[in-house]
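Asks: Here's the letter readout for the chains.
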Amino acid sequence: MLTLANHTFTSRLLTGTGKFSNATIMKNAVAAAQSNIVTLAMKRVASSSGQDQTLKALRELGVTLLPNTSGAKNAQEAVFAAELSYEALGSPWIKLEIHPDQRYLLPDPIETLKAAEILAKKGFHVLPYCGADPVLCKRLEDVGCAAVMPLGAPIGSNQGLQTKPFLQIIVEQASIPVIVDAGIGKPSEAMAAMEIGVDAVLVNTAIATAQNPVAMAEAFASAVETGRKAFEAGLGATFSQAQASSPLTAFLEPAV
Amino acid sequence: MTQIKVNVNNQPLNVIAPISLSELIALKQIDVDGTAIAKNTAIVSKREWSTTYLNDNDTVDIFTLVAGG
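Protein chains in written order, with full-length UniProt numbering: chain X, 1 to 256; chain U, 1 to 69.
These are calculated hints, taken from the structure and not from any lab test. Please note: incorrect hints may appear among the correct ones.
Here are a few chain U residues that face chain X, going by a calculated C-beta distance under 10 angstroms [what the hints assert, rightly or not]: (1) I4; (2) D31; (3) G34; (4) V44; (5) V66; (6) A67.
Ideal Cβ placement from N, Cα and C applies to all residues, glycine included.
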């Protein structure tokens, strides 16, 4: 069970809803992923295009909606975006993300910390997207975040766990859940994250841009479950040299 | 009944006053669920939409939830 802000969730796989070719495939993929928490973005209503069907599809699934503050370039804009999403959904969950740089979409740590503190004080359940910086993650915990969401690699890059050694330090030090967000491109990478003890992973691009998003969502769901099982089972130690698994007495020698 | 000019999501719009935010949303055929409104950059909560009326030259920003990661 994943516990966030005193709410429990059976799935440790969060899914994002971006980049799917249509809302039906997205809905089927989220169902196949068995995710309980699903992210959305907020934007100005475009006067010309038809209404986005994402919310309607997710309402039918009955999942917990986690709107993000994507597009915010500083703490002030992120707080405004969070308040808008609270008015839109009546829910205190917010995925805080502030990434002013368009090329790598890396989160601004200073603005993120500022916004996290303001939003946590206002009563939001703040899940901040952040760099895999163990010191920052502790600071985000101190200001009242419900979890931290360090990145594995840049958003949408499918590069996997580039930050793994730092994620391990974050997991070791955290007293709140750690959710790896961004960069996970394969089920094996989600499993590897779970094996080191992160509490959950968020996957979007790897599922949405797969040839078969629904089958890929299933693959991620089982990978996350297996990785968690392995972590709970307690991984064996690693050594730089061989450690014999069989008795080394030469079997042709006569028994003494 | 007077015609007023408001700015909705950066587009000029002529409407007949009095018009509330609820009526504006209905006019634009936008779902209430998942929608938030800021009038002159201040967020107006849903329970105040029906009693919040537009004045000439008001700026209205309408936001909605869309697909995203």
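Asks: Can you give the numbers of the hints that this structure goes against, from lowest to highest?
Replies: 1
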